[in-house]
Amino acid sequence: MSQILYTCPFVPAEWIAAHGLRPARIMPQSTGMHAAVAPIEGLCPFARAFANHVLGDSTSCGAIFTTACDQMRRVRDLVVDGTCVETFLLNLPKTWRNAACTQLYIDELGRMGRWLYTLGGCVPSADALAATMLDFDGRRQAMPDRRVADSGGVRLALVGGPLLAGESGLFDLVVRNGGRIVFDATETGERTLPDRFDPALLRQDPVGELARAYFDSIPAVWKRPNTGLFDWLTRECTERRVQGVICRRLVWCDLWHAEVHRLRDALHVPLLDLDVSDDSPAAGERTAGRVQAFLETLQ
Amino acid sequence: MTQKLRQITLDEWDGRYEALKSAGLAEPFYGGKLSRHAEDGDYRLRKLMFDDSAAALRLWNFLLTEEERLTQARSEGKKIVGVMKDLGTTAVMANALDNVVAFYPDGAWWIPCVMENSDRLLAVADSLGVDESFCPVRAMLGAFVTGNHFPIPDLLTCSVGATCDDFSAIAQRLEGLGHTIVWWEIPHRRGPEQGEQCVTLPGGTFVAAQSQVDFVRAQLVLVQRALEEVSGVQLDDAALSSAIARANDIRRLLSELRRTVFTASRCPMPALEMLIAEMLAIHYCSDREETAAVLEELGAEVQARIAAGVGFGSPDAVKVFWVNPVADLRVMNLLEQYGARICGTEYMFTHALDLLREDVEPLEALALAALADPMAGSAVDRAARIAADARTFGAEAVIISRIPGASHCAVEGRIIAEHLRKTCGLAVLEIEIPPLTDAIRPAIATRIEALVETIHQRRQP
Ligand code: SF4
Ligand code: SF4
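Residue numbers (this note's numbering), protein chains in the order written: chain A, 9 to 307; chain Y, -18 to 442.
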């Protein structure tokens, strides 16, 4: 089955699947100096890594970029001419408290659906879409819960932008230093899971329900205002008795960088501002030292 | 042979001012010696070279007294509206109301340069965690915190969507500090799908799907309501149409000034004064009538110089199209000192210079203009507009000034440069310009010099 690459959590995988194509959410590996898109001062390493992933892929039939941030919106400009993979830019409204923006998201899903069709996808019936959505919902519920049993260690929240592939060791690193991540609120973590689908709404209007579960429900740093993110983090930190927060952000990501101070004020627990330039061993060593020092102060 | 005009220093302006006064110069209410602004903290003026005309004096005095006008407007009971980011659209709406004065807090972008960091706005931003990885607009955050550069607005609006992360993130911080913002959305501009209705936007280069125009138009209704609420006055179509017509009067004046200056055989008005003149179109520096008068006087000066056959620099100065505003105004002087002149600009607000449509409903016209923002589309789109304008003005080279920290500058310079080289064969130079370039001035000069030499070589048969 033809594969569609994406990385933004606001791209509904079930929408792609319902069109008969295989959604492949990418957690890219950061790429070295000689990649097609070389490191450029000011360029977010994650946006760059995703661009290089798409440029290096010759088997997928399409790649979806979104306007969640300016960097992602613009790296697509770098990719379009250099790849045989078709690209699509999904317009994500930044404002969210008015129906017009939810409708724009729905319209954009429609546009994406027509693009998927041009890549060999099918047009799903409402019933087929609803069935796919229920299937994905079920699979998400069956995913292992990171809310591990109270096994001791300093209870930390991991907050911030998306993790690069080489950063998955961060969780173990925290454990080795006497801590434990009780929830992953990064872009690649549980914060960005869609809300559960409402079966009744699903039957009436599956696309509308998709928009509600994704666009209306996922808290994001780029939404304006981003009160939803702060409400969600405050609630989760309290409920999960978080003792410290690691705000892991990528260099040149203005959206997370600008929020570090507010997070410190809002969450009322010690916060480590962990800036990361890539997932190389050298960057990993620096991260290890900083995480270790942070946990020492909390024990 | 034509006579060469000479730019003068701030010190020289004092003597020139006395001479103009003795000759009977009549000044508007904000007139006076330019040096007083430097004494008040605008230290960068001491390092700039100025045009020596009465028209330029008026232009500078007008620009540098905006804070006084805003303060005065507040004392008269007018509402102050800070319209953020869209550069030129919502200001037109706000100016449709007699009891409202609109300005762009974004203008704080230039304060670190103009005051040579003496006001420590960047340090204030630093202390809030908004460091030099953000573009100079972070000075706006400092300006809100210190309250020293403009009255805190009664209403703040901000366009988001297809905007830079820098501004969006900083505006969100402002809201976090307690400044309520009416957010409105301009989506990333896209062309129509097959069968979808398509519109050509003001400026003639960009197109958008009609559905996007409809969406932005509905967003502008949110701004309209907010303006009505803060002013207590209904903002109807008649008032908006009249505001659009008045905005077009300004845009026509500026368009004529740009065309005349950029196409003159010898440069009749320096790059620095032209940059300031262009900025007036965004929100009229808080006084529309005066903006018109300032531009008219500049236009008359330019015409008189052309008629007299006088100009700046040499007649064979290299014609440069400039992309992006310079964080340090002094670089505009530098360009001319090394044998080039400006023939065309794209300071990221061409949509504030293009005429607004008067044959459609006013909110539709404004939506069309908002979507024509060169930053709202792809870099290739932007490059196409630059290419078209560069051809119109006969530019021989393009300089793209990179803005330190700006989220769009990481990749778009490369795309724009490639497009221009490929489609127009233009020589392109990309240089980073921080708010104060003194330490790297020789390096910038060398690069400009090399570009100038390249063009001279290309000219040889
Ligand atoms: S980390 Fe930040 S800048 Fe990078 S892609 Fe994500 S939101 Fe955009
Ligand atoms: S200079 Fe660029 S990054 Fe800075 S506010 Fe303007 S558009 Fe945004």
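For the record, the hints were derived by calculation from the structure and aren't laboratory data. Heads up, a few of these hints could be off.
If you want the ones that stay clear, here's a sample from chain Y, every Cβ over 10 Å from chain A, calculated [to be verified]:
(1) Asn42
(2) Asp79
(3) Val141
(4) Ala143
(5) Arg154
(6) Glu166
(7) Arg171
(8) Met260
(9) Phe374
(10) Ser388
(11) His437
(12) Pro442
Estimated spans, in silico, between C-beta atoms of each pair [to be verified]:
(13) Thr126/A / Lys403/Y: 25 to 33 Å
(14) His42/A / Arg17/Y: 26 to 34 Å
(15) Ala136/A / Thr373/Y: 50 to 58 Å
(16) Asp206/A / Arg240/Y: 54 to 62 Å
(17) Glu277/Y / Arg105/A: 50 to 58 Å
Fair warning: this is a prediction, and the values are worked out from it, not measured in the lab. Even glycine gets a Cβ: it sits at the ideal position worked out from N, Cα and C.
Taking the hints in turn, this is what the structure says about them:
1. Asn42: Per Cβ check, Asn42/Y is outside 10 Å of chain A; nearest 36 Å; holds.
2. Asp79: The assertion about Asp79/Y holds, with a minimum of 29 Å to chain A.
3. Val141: violated (4 Å)
4. Ala143: Non-interface label fails for Ala143/Y: nearest chain A Cβ at 6 Å, not farther than 10 Å.
5. Arg154: violated (5 Å)
6. Glu166: violated (5 Å)
7. Arg171: For Arg171/Y, whose nearest Cβ neighbour in chain A is about 7 Å away, the distance does not exceed 10 Å, so it is violated.
8. Met260: Given that every Cβ of chain A is farther than 10 Å from that of Met260/Y, nearest at about 23 Å, it holds.
9. Phe374: holds (25 Å)
10. Ser388: Check fails; 4 Å does not lie beyond 10 Å.
11. His437: holds (31 Å)
12. Pro442: holds (35 Å)
13. Thr126/A / Lys403/Y: 25 to 33 Å: holds (27 Å)
14. His42/A / Arg17/Y: 26 to 34 Å: violated (56 Å)
15. Ala136/A / Thr373/Y: 50 to 58 Å: Between Ala136/A and Thr373/Y, where Cβ atoms are some 53 Å apart, the hint holds.
16. Asp206/A / Arg240/Y: 54 to 62 Å: For Asp206/A and Arg240/Y the Cβ distance comes to about 59 Å; the hint holds.
17. Glu277/Y / Arg105/A: 50 to 58 Å: violated (44 Å)
Consistency with the previously given hints fails for numbers 3, 4, 5, 6, 7, 10, 14, 17, ordered from lowest to highest.
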